[in-house]
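Colleague: Here is what each chain is made of, one letter per residue.
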Amino acid sequence: MEILMSIVIGIVFAVSVYLLLSKNLIRVILGTLTISHGVHLLLITMSELQRGAPPLLDLGEESFTDPLPQALVLTAIVISFGVTSMLLVMGYRTYKAHETEDLDKLRGSADE
Amino acid sequence: MTFLHWATISPFLLAILVPFLYKYFRKIHTGWFVLILPIVLFIYFIRYLPITSNGGTVSKSAPWVPSLGIHFDLYVDGLSLLFALLITGIGMLVVLYSIYYLSDKGEKLNNFYVYLLLFMGAMLGVVLSDNLIVLYVFWEMTSISSALLISYWFHREKSIYGAQKSMFITVFGGLSMLGGFSLIYVMTGTFSIREIIANVDLVTGSVYFIPAMILVLLGAFTKSAQFPFHIWLPDAMEAPTPVSAYLHSATMVKAGIYLVARVTPIFGGGPEWFWIITLAGLTTLIWGSVQAVRQKDLKAILAFSTVSQLGMIMSLLGAGSAAYYFNDGDNLLYTTAILAAVFHLINHATFKGGLFMAAGIVDHQTGTRDIRNLGGLMTFMPITGTISLIGLAAMAGIPPLNGFLSKELFFTGMLNASDYGIFNLDTWGLLLPAIAWIASVFTFLYCTILFFKTFRGKFQPEKLKVDKVREASFGMLLGPIVLITLVVLFGLFPNILAYNVIEPAMQAILPGILDAGELFAVHIAHWHGFGTELWMTLGVFAAGTLLYLTMNIWSQSGFYRSERDIFNYLYDNGYDGLIKGSQLITRAQITGRLRDYFIYMCVFIVLLIFYTMFRYDGFALQTSNLSPIEPHMWLVIIAFVLAIVAIPFINNRMTAVILAGVAGYLVALMFAIFRAPDLALTQLMIETISVILFMLVFVHLPKLKKDDTKPSIKITNLIVSIGVGLMITLVSISAFAFGSEIGFPSIKEYFIENSKELAGGYNIVNVILVDFRGLDTMLEILVLAIAALGVISLIKLRLKEGEDV
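These protein sequence lines are chains A and B, in that order. Residue numbering for the first sequence follows the numbering used here, beginning at 1 and increasing consecutively. Residue numbering for the second sequence follows the numbering used here, beginning at 1001 and increasing consecutively.
The following block holds chain A by itself, in its conformation from the complex (with noise of 0.2 Å):
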């Protein structure tokens, strides 16, 4: 599982990597937001998968799976939405200001 999941990780960073580079900032934006899903997947799986019971006591169960990188991954969740709404008004904002979505066409003038 761990080792299919290490694929299925290496994918979701290939697929973000290629809407990066892209030239158009929509696509740059939601490759932001799929390579945060590939960050939370591998801090996951790093934590050995599926061993033991949800981290909740109440269960009565003996063994837990470990909490701890869960609430890594749950801030990080809620850090990536931040940084991804933050992404998105300054690509509207640079939108009406420029009247273009293209990254090569903002680029700044020659000699900054």
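Hints are computed from structural coordinates only; laboratory data are not their basis. Mixed in with the good hints, there may be bad ones.
[Unchecked claim] Pairs of lysine-lysine, DSBU-like flavour, derived with a Cα cap of 30 Å:
#: 1; chain 1: B; residue 1: Lys1465; chain 2: B; residue 2: Lys1027
#: 2; chain 1: A; residue 1: Lys23; chain 2: B; residue 2: Lys1023
#: 3; chain 1: B; residue 1: Lys1580; chain 2: A; residue 2: Lys105
#: 4; chain 1: B; residue 1: Lys1296; chain 2: B; residue 2: Lys1465
#: 5; chain 1: B; residue 1: Lys1580; chain 2: B; residue 2: Lys1158
#: 6; chain 1: B; residue 1: Lys1158; chain 2: B; residue 2: Lys1060
#: 7; chain 1: B; residue 1: Lys1105; chain 2: B; residue 2: Lys1023
#: 8; chain 1: A; residue 1: Lys23; chain 2: A; residue 2: Lys96
#: 9; chain 1: A; residue 1: Lys105; chain 2: A; residue 2: Lys23
#: 10; chain 1: B; residue 1: Lys1714; chain 2: A; residue 2: Lys23
#: 11; chain 1: A; residue 1: Lys23; chain 2: B; residue 2: Lys1296
#: 12; chain 1: A; residue 1: Lys23; chain 2: B; residue 2: Lys1703
#: 13; chain 1: B; residue 1: Lys1714; chain 2: B; residue 2: Lys1703
#: 14; chain 1: B; residue 1: Lys1453; chain 2: A; residue 2: Lys96
#: 15; chain 1: B; residue 1: Lys1027; chain 2: A; residue 2: Lys105
#: 16; chain 1: A; residue 1: Lys96; chain 2: B; residue 2: Lys1710
#: 17; chain 1: A; residue 1: Lys23; chain 2: B; residue 2: Lys1796
#: 18; chain 1: A; residue 1: Lys105; chain 2: B; residue 2: Lys1453
#: 19; chain 1: B; residue 1: Lys1796; chain 2: A; residue 2: Lys96
#: 20; chain 1: B; residue 1: Lys1705; chain 2: A; residue 2: Lys23
#: 21; chain 1: B; residue 1: Lys1296; chain 2: B; residue 2: Lys1453
#: 22; chain 1: A; residue 1: Lys105; chain 2: B; residue 2: Lys1468
#: 23; chain 1: B; residue 1: Lys1703; chain 2: A; residue 2: Lys105
#: 24; chain 1: B; residue 1: Lys1105; chain 2: B; residue 2: Lys1463
#: 25; chain 1: B; residue 1: Lys1468; chain 2: B; residue 2: Lys1105
#: 26; chain 1: B; residue 1: Lys1296; chain 2: B; residue 2: Lys1027
#: 27; chain 1: A; residue 1: Lys105; chain 2: B; residue 2: Lys1023
#: 28; chain 1: B; residue 1: Lys1703; chain 2: A; residue 2: Lys96
#: 29; chain 1: B; residue 1: Lys1705; chain 2: A; residue 2: Lys105
With the hints as your guide, set chain B onto chain A.
Modeller: Chain B only, in chain A's frame:
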């Protein structure tokens, strides 16, 4: 910190006060306040003279960075005292001269004196430090203050050029020197010069001996304007003349000489040291004197002449280092060269200081320094003319002035060196006196040109920038008069220096070479009989006069007409190339495209990780301790992969967002399967909001166009992204395998055990978030708040007409 320490740094302390003195006492020329310090310091250092002339030394220590073996150690012996007296003595006269040279109206005197004091303190630090690192720090400070003084009239383009050039060259040398010092530390384990000399066997036996020597010499040669690094010195003449007289002839450029003299006991005695220094010195000597002949600017002639004289002192130090080979102190055959070096060092400071000041007076009173416009000034400026005449005669080596004595000793030193019979000198030895003689002919020639073109010949008032040429005021003349008096005095009675100053300096350069109680028995005489030296001197006069008389013939040649040293082209082209090259690299690299930057990062990381994996065999695959794949899992994963892979191919923005949403919900499902209910819930909620947000924004964005990127770029993107994906997969598989191999215990047990007991919660993930790592969560909320503020302000922001984001 002893009194000696305070004396060394006193110029820095006064420099702090200078701006206030300038501001609150505008009526009084700031120079008068500054003048007090060198006088006091000169008297203070004179009091050390009896100690050193009896062979004694003084050393005082103060800790600076004791853990690294760096102590602010000061050491006064014959050599450092000689330099300290030169720095304060000439400094005194220069400050006096500058009071009249720089008017207190219109000149930024506060800047000038701050820089000058910085230099004075730094230079005292260089010559008095016993610790190499402290010496290095002061050394670089002299470079910086020198550049500041050269660019004193910073609105002139040439000043900036000269300052930059001197800075580049001397700081390059300084850094090399630091490398050399570090190697010395590696060899000996100490930065203290005296301790290094005591353990000199560690240095001579080491493989680093030659590299360290060359690096240290690079520092000395750049500072002392030795060929081919001499090109900065003529351009440094853009500085005000007091500065040229002080830094660029009498003191700072002699720091390299000082360094070579100081480390002679460490490196001297071998053929490398002997040949490198002697040849560098002689090349500089002849190159400088020939170049000086071509110059038309008074200060440029003096600058190249300084270059040439520095080369002469340097070559003498090289020749004298052979004394270590013979280890025979009482044999004058080997030590005359060192004697000549020390003596000429003093003489050069006196006559060249005086000459620079005289050149400054001519410039000040006539408004030009071009010898083609000058002439016949003896009638109008008899005192300046006499000063120049004596100074130039001393430089040309005319008896009975001090320059004559040191030049004779120089010939003796070179002739002796050719007789050593070591280091292949029996083959090449004759070269040394031959070069010395030719260079001296040119020295005689430019001295003659300088005097006759300026003070004799036809007076050309129409070419001058002033209406009436007058002799300078007494205050301005005082400095050069004192120096020229010394020239005559040392010329007539050279032995007043011999026992008090030269003998202790020689002992400091060549320690351990004499038996206890022995002396070098320095005695300088005017008359040596009809020896080779005398015939050489007479030959110089004859050949020099002949060349001057035939000047009308050779002055038409291209050699005389062009002035620029060919090494300047090398520097200029190198400098331009450096700037163009770095611009080229920057432009190629900083394209302004997001894609390019991202590719650099990805390619670099991917290559680095792949390299490391192959190099250190970092890949591992573990198949035993895996969790089973249940059949329904296949469905989820295939759906997820399909959704993700489809996104780049979709040209409809709504479909793309929905696909991203599908992928997000499938991630939530996977979290649920992986026993992470909290994650699943959070992911569901966040994904919903994200999709809504996307849709809201997309209303205002243009439709997704078909990707019209060029195929070649697409393929590059594809390769890079596949590389990243592959890297992540491999790292992930290996990390997992290594993780279970090491068997490092997870800290999860702590949370499982204590979740209920300490925090009273059953949901361990929640407890971690709000309790164990509560502070992290609070900061996370802060981050979200900042993001929210950013989002709101970006949406609400209304720009005025014409304003840009």
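Colleague: Hint by hint, note whether the structure agrees.
Modeller: Checked hints:
With a C-alpha separation of about 29 Å, the suggested pairing of Lys1465 of chain B with Lys1027 of chain B holds against the 30 Å cut-off. With a C-alpha separation of about 60 Å, the suggested pairing of Lys23 of chain A with Lys1023 of chain B is violated against the 30 Å cut-off. Only pairs whose Cα atoms come within 30 Å are accepted, and Lys1580 of chain B paired with Lys105 of chain A is accepted, the gap being roughly 27 Å. For the given pair, Lys1296 of chain B sits about 17 Å from Lys1465 of chain B by alpha-carbon distance, which is consistent with the 30 Å threshold.
Restraint check: the Cα-Cα separation between Lys1580 of chain B and Lys1158 of chain B comes to about 21 Å, which is no more than 30 Å; the hinted pair holds. Annotation: proposed proximity of Lys1158 of chain B to Lys1060 of chain B is violated, straight-line Cα distance about 43 Å (limit 30 Å). Taken as a hint, the Lys1105 of chain B and Lys1023 of chain B pair is honoured in the structure, with Cα atoms around 13 Å apart against an allowance of 30 Å. With a C-alpha separation of about 17 Å, the suggested pair Lys23 of chain A and Lys96 of chain A falls inside the 30 Å cut-off, and the hint holds.
For the hint linking Lys105 of chain A to Lys23 of chain A, the alpha-carbon distance of about 9 Å falls within 30 Å, and the restraint holds. Only pairs whose Cα atoms come within 30 Å are accepted, and Lys1714 of chain B paired with Lys23 of chain A is accepted, the gap being roughly 11 Å. A threshold of 30 Å between alpha carbons decides the hint, and for Lys23 of chain A with Lys1296 of chain B the separation of about 62 Å lies outside it, so the pair is violated. The straight-line distance between the Cα atoms of Lys23 of chain A and Lys1703 of chain B is roughly 14 Å, inside the 30 Å bound, and the hint therefore holds.
Only pairs whose Cα atoms come within 30 Å are accepted, and Lys1714 of chain B paired with Lys1703 of chain B is accepted, the gap being roughly 21 Å. The straight-line distance between the Cα atoms of Lys1453 of chain B and Lys96 of chain A is roughly 75 Å, outside the 30 Å bound, and the hint therefore fails. The straight-line distance between the Cα atoms of Lys1027 of chain B and Lys105 of chain A is roughly 62 Å, outside the 30 Å bound, and the hint therefore fails. Distance restraint check for Lys96 of chain A and Lys1710 of chain B: the Cα-Cα separation of roughly 27 Å lies within the 30 Å cut-off, and the hinted pair is therefore satisfied.
In summary, the hint linking Lys23 of chain A to Lys1796 of chain B is supported, as the alpha carbons are separated by about 27 Å, within the 30 Å threshold. Distance hint between Lys105 of chain A and Lys1453 of chain B is unfulfilled; the C-alpha atoms sit about 66 Å from each other, more than 30 Å. Restraint check for Lys1796 of chain B and Lys96 of chain A: satisfied, since their Cα atoms lie roughly 13 Å apart, inside the 30 Å limit. The hinted pair formed by Lys1705 of chain B and Lys23 of chain A meets the criterion: a straight-line CA distance of about 11 Å does not exceed 30 Å.
Note on Lys1296 of chain B and Lys1453 of chain B: the hinted pairing holds, with a Cα-Cα distance of about 10 Å set against a maximum of 30 Å. Taking the CA atoms of Lys105 of chain A and Lys1468 of chain B, the gap is about 67 Å. The hint is violated against a cut of 30 Å. Taken as a hint, the Lys1703 of chain B and Lys105 of chain A pair is honoured in the structure, with Cα atoms around 17 Å apart against an allowance of 30 Å. For the hint pairing Lys1105 of chain B with Lys1463 of chain B, the CA-to-CA distance comes to about 27 Å; that is within 30 Å, so the pair holds.
Of the supplied pair hints, the one linking Lys1468 of chain B and Lys1105 of chain B holds, its CA atoms being roughly 22 Å apart against a limit of 30 Å. Proposed proximity of Lys1296 of chain B and Lys1027 of chain B is contradicted: the alpha carbons are some 38 Å apart, above 30 Å. At roughly 55 Å between alpha-carbon atoms, Lys105 of chain A and Lys1023 of chain B are farther apart than 30 Å, so this suggested pair is violated. For the given pair, Lys1703 of chain B sits about 14 Å from Lys96 of chain A by alpha-carbon distance, which is consistent with the 30 Å threshold.
With a CA separation close to 15 Å, the supplied pair Lys1705 of chain B and Lys105 of chain A stays within the 30 Å bound.
When held up to the earlier numbered hints, the structure conflicts with 2, 6, 11, 14, 15, 18, 22, 26, 27 and fits the remainder.
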